[in-house]
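Participant: One line per chain: the protein sequences are B and V, in this order. Residue numbers for the first sequence follow our numbering, beginning at 1 and rising by one. Residue numbers for the second sequence follow our numbering, beginning at 1 and rising by one.
Don't read these hints as lab results, they were simulated from the structure. Certain hints may be false.
[Stated by the list, open to error] The list that follows gives simulated cross-link-like pairs (lysine-lysine, DSBU-like), each with its CA atoms no further than 30 Å apart:
#1 V/K192 with V/K143
#2 V/K143 with B/K125
#3 V/K309 with V/K262
#4 B/K152 with B/K162
#5 V/K143 with B/K152
#6 B/K152 with B/K164
#7 B/K8 with V/K192
#8 V/K309 with B/K164
#9 B/K78 with V/K56
#10 V/K56 with B/K125
[To be verified] Covered stretches of chain B, as calculated for chain V (at least 3 residues, CB under 8 Å):
#11 82-91
#12 112-126
#13 154-164
Because the structure is a prediction, the values reported are computed rather than measured. All C-beta atoms in this analysis are idealised placements derived from N, C-alpha and C, irrespective of residue type, glycine included.
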Amino acid sequence: MLCDECRKRPANVHITKMVNGVKSEFHLCEECARDKGELSLISESKFSFPSLLTGLLQTGSDIGVSVSRPGRTVDRCKNCGLAFSTFANMGFLGCSECYEQFGPRLEPLIRRIHGNCQHTGKVPKRMGGAAGVMREIENLRNDLAKLVSDEKYEDAAVVRDKIKALEERLSNEE
Amino acid sequence: MPLEDIINRTYSAWMSTDAPHADVALSSRVRLARNLGNIPFPNQASETDLAEVVEKVQKAISRAPELSRLEVMRLSEVSALERQILVEKHLISPQLAQCTQNRLAIVAEDESVSVMVNEEDHIRIQTLLPGFQLSEAYQIADKIDDLLESQLDYAFDEQIGYIAACPTNVGTGLRVSIMVHLPALVATGRVKAVLSAVSNLGIAVRGLYGEGSEASGNLFQLSNQVTLGRSEPELIENLAAVTGQVIEQERATRKKLVLEMKDQLEDKVHRAYGILSHSRLMTSQEALRLLSDAKLGVELRLISGVDGKTLNELMVITQPAYLQSLVGQELDPLERDIRRAALIRERISNGREGKER
């Protein structure tokens, strides 16, 4: 038997995979098997994002983690018309509204990709308002703790005053 | 014409060897994904939508005096070969080079900054600096982001942060990456163990230009995998810490190679240098491999007479499109291999005689 991959060398590595009850078999030579093992590490060519995404979407419902989430499920975004199935195949959403429309189905996916679902980074200043100020205060508090533990008290005092000023601004706004 | 300057100038600032940790870290790159509210993402947008994005971004740039040094190029007005050069110089992505209508590439004169309009997302801000300068690259991108944001309404959500076309990019929209040259880890077969350890720490690993299963020229790109749930400084610190470890491993292995296998190593780097100096036919893959070996020789001071900058530059200009633009015409593969070998011989002998480039 020749290797499924290169069709040149004899196949001496036999792999049987069971994915969602579907059995598939590969017969590879040692070299191609080694190459395949490296694929996930270096190359993306044969391990495309959509197939990964589709896999992620499936496992959730198959192992019963995210079945019957409360809330509506829509099959098509009302704003841009993108079908959820298209997203599952392509890996791209159609517009910012898609995140709202497909929310209940996207959340477990986002959680699985990123490990959580809460943004803690930069906030656009224009959106800013209270949320932006609060986040800035939080970041400054982290800086403050670090400065204190490094015994940089002069710098810490500057940061402390900044926090105070922001807190005042916040209470004035409210 | 600035575009012609950018295309014709073979040396880019990021090829410098004076930067921090340049013996292992070639370049640091930051990318921010941003989208405008109320306009579909490029994959779902009509030409009218795309034109609206282009117009809004152009207006935003013209209103920010700090951004006036950026050159705005409409890709529909740039030839296919020139677009390919922009790709090989890492200024735009291969995906953007394929589409042209209502697509912009906005590039700084020194090539440290490029903004792609209507690629996968409406706006992608990229910065590229030589060596290990992740925070510095982020600061530049952050500043451009602030300037654009003051003129544009970004799609943003309290919970999932900056909205992106692909859920893998939401949150910070930040991808920070560093290109490392790991010839010693590859030569000793340790690279796989090191890189799989790295990939368990939330870092993705990729070969240069992402083609094939083998990293050409022993070049690897490390980048953050997750974009949501951690702040920008946290993401950068994580990558910097992991990269620091990889750099230490590579340096230790180089030292070990010099101690234990000096003869073999000297032979390998001088062979590479010899072939580069004398060959008459050279494929781009072979060029990358030999340039990598020679670069190791220069860094370990086993080879003198050629500098790291020349080798970094050759790694880019020996790529197919770049080579053709230097020659000024399209070439068949055999002609390319002839010209490539000639170009390498010329640059290396110029370096040897200490001539100015």
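Participant: Does the structure keep V/K192 and V/K143 at a Cα separation of 30 Å or less?
Facilitator: Violated, at roughly 37 Å.
Participant: Would you check the hint for V/K309 and V/K262, treating anything up to 30 Å between C-alpha atoms as holding?
Facilitator: holds, 24 Å
Participant: Assess, step by step, whether the Cα of V/K143 is no farther than 30 Å from the Cα of B/K125, and give holds or violated.
Facilitator: Holds, at about 12 Å.
Participant: Against the 30 Å threshold, does the CA-CA distance of B/K8 and V/K192 hold or violate the hint?
Facilitator: holds, 26 Å
Participant: Do three or more residues from the region 154-164 of chain B put their C-beta atoms closer than 8 Å to C-beta atoms of chain V?
Facilitator: n = 0 at 8 Å, threshold three: violated.
Participant: Is the hinted pair V/K309 and B/K164 satisfied, with a Cα-Cα distance of at most 30 Å?
Facilitator: At roughly 50 Å apart (the allowed maximum being 30 Å), B/K164 and V/K309 break the hint.
Participant: Does V/K56 pair with B/K125 here, judged by a C-alpha cut-off of 30 Å?
Facilitator: It holds: about 18 Å lies between the C-alpha atoms, which stays within 30 Å.
Participant: Are the Cα positions of B/K152 and B/K164 separated by 30 Å at most?
Facilitator: Holds, at roughly 18 Å.
Participant: Is it true that the CA of B/K78 sits at most 30 Å from the CA of V/K56?
Facilitator: holds, 25 Å
Participant: For the pair supplied as a hint, V/K143 and B/K152, confirm whether the alpha-carbon distance does not exceed 30 Å.
Facilitator: Holds, at roughly 27 Å.
Participant: Verify the coverage statement for the region 82-91 of chain B against chain V, using a C-beta to C-beta distance below 8 Å and requiring 3 or more qualifying residues.
Facilitator: holds (count 3)
Participant: Please count how many residues of the region 112-126 of chain B have a CB within 8 Å of a CB from chain V and say whether that reaches 3.
Facilitator: holds (count 14)
Against the hints set out earlier in the document, violations occur for numbers 1, 8, 13.
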